[in-house]
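As they're listed, the protein sequences go chains A and B.
Residue numbers for the first sequence follow this note's numbering, so the first one is 1 and each next one is one higher.
Residue numbers for the second sequence follow this note's numbering, so the first one is 1 and each next one is one higher.
In case anyone wonders, no lab produced these hints; they're calculated from the structure.
Since the model is a prediction, treat every value here as computed from it, not as a measurement.
C-beta: ideal position from N, C-alpha, C; glycine also.
A short, non-exhaustive set of chain A residues, derived as facing chain B with CB atoms under 7 angstroms:
id: 1; residue: Thr72
id: 2; residue: Val76
id: 3; residue: Phe90
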Amino acid sequence: MLEVRNIETLYGLVMALRGVSLKLSENKITAILGANGAGKSTLIKTVMGLIEDQPDKGAIWLDDKRIDGKDTEDIVRLGLAYVPEGREVFEELTVLENLLMGAYTRGGSHGKADLKMVYGLFPRLAERQRQLAGTLSGGEQQMLAIGRALMMRPRIMFLDEPSLGLSPLLVREIFHTIRLVNRELGTTILLVEQNANMALSVCHHGYVMENGRFVLAGTPQELMSDEDVREFYLGVRSEVSVKGFQRYKRKKRWR
Amino acid sequence: MFSQLIISGIAIGATYALMALAMVIIYKTSEVLNFAQGDMAMLSAFVAYFILEDQGLGFAAAFPLALLFAFCLGAVLEFGFLRRAKEPTVLGLIIITLGLQMILYGLASWRWGSDQKNFPFPVSDFEVHEILPGAVISDLNLVTLGWALLLMLLLFAFFRYTKLGVAMKATQQNHVVARIMGIRVNRILMLTWGISSMVGASAAFLIASTDTLDPNLMWNPQLKGFSAAVLGGMTSLPGAVAGGFILGVIENLFGGYVSVEFKSVVAFAVIVLILCVRPSGLFARHYVRKV
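So that you can see chain A by itself, here it is in the shape it has in the complex:
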């Protein structure tokens, strides 16, 4: 399985990842929580080889092959799929063409069966398969982006902020599908989310990222019962003073 060992990623002189290690467990959902700019997306992009000449230090292993420094096109062929933040469907291609692009690396006759599988997960895409992807709603585009990644039949799927800009109802639907994909297809999933509630409700293991490093890790139950996570990520205030205002400002333990 995928293992990230102590990687550091630089954007020019700015260090975005400061020594991150991560191990995905097979057929499980792993979530990374964190605020804007914590480095979550950077981590995925580094693994996918999308940031040129990075990681600066450290190594990324898939099974017993080292994959850092490889081209994105080759990393994809090893079975890693990436659903980018903000969906990024091909707006001027039809829904069907978008899905077929997902299967670009796979030759032969798998296409039909996979298409059926994706349409089974997202019946709405089947209705709109001749429509230009740019004319879909945000939720449909997110479904399309996930469906397109599933057309690769990936071993590991990276999901970057699938809830971004969607209504609570749609978010629930998307997360339901994520759980379904994980259970039915056995796809290992790495989920990057700001919506901590949702992410913790589906994942088997979670990490909290701040300023380019992991500050906390554990099962969702452990994380949910952690006081700092509760206050800073779940928005549950642990203690309200009798006078109705907070007496002191909590400090995060890990700083």
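With the hints as your guide, set chain B onto chain A.
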């Protein structure tokens, strides 16, 4: 007179259409306007001439070989020059194509000189058919017309129905996501340049056979082809072809009835007019990005 002007206009328009197709193919995948397009085609025509006259091979060998040369030329230019640009902007790439144009022009002038040569062609421009009373069309015109339409259909089908064609469109829209799909973007760009260069070269053969061959051969057709492509919306293959025909006909009518000297100018006046009414061109189906 009128019908003859229309027919000659369509015939000349077919060559514009071919040049427009060539430009649109590259624009479709990389949003780069290729100003070297005309001179890539001109050089290929010189290579065909070289094979025909100096090597003494027949048409059946010369044209396929020259087209192969055109494909390689396009691929090499992309690989050797455009890909070397570090973190390129579209503007920078366009300037590179301008530079390439000058290099190719210089190369052809140096090797073959600037005197006009007769370009042999298997089909004659003087064998004519009277298709309407008082209006004739030559064999060469018919071949040009047929070739332009055939290429348009082939390319249209390629972009619509083949995986590679769709991947080319995907590449144009978003290079990064195309890479995430496993599409080897660099290879796609190289292929695009090759195909486009071949389309342009075929136009150059046809133009050189009605005219004479010299390094300035493609100067005018490239400008017209570019205008035709803009008229058609820059990304639409049928649009490019229609644009070529419209331009050819209008230009010819103006030349016939008003003034031959200003024949070329009117084409651009028409473009300005049409772009005022439909800024994205006549046939573009450009999706407007939601913000």
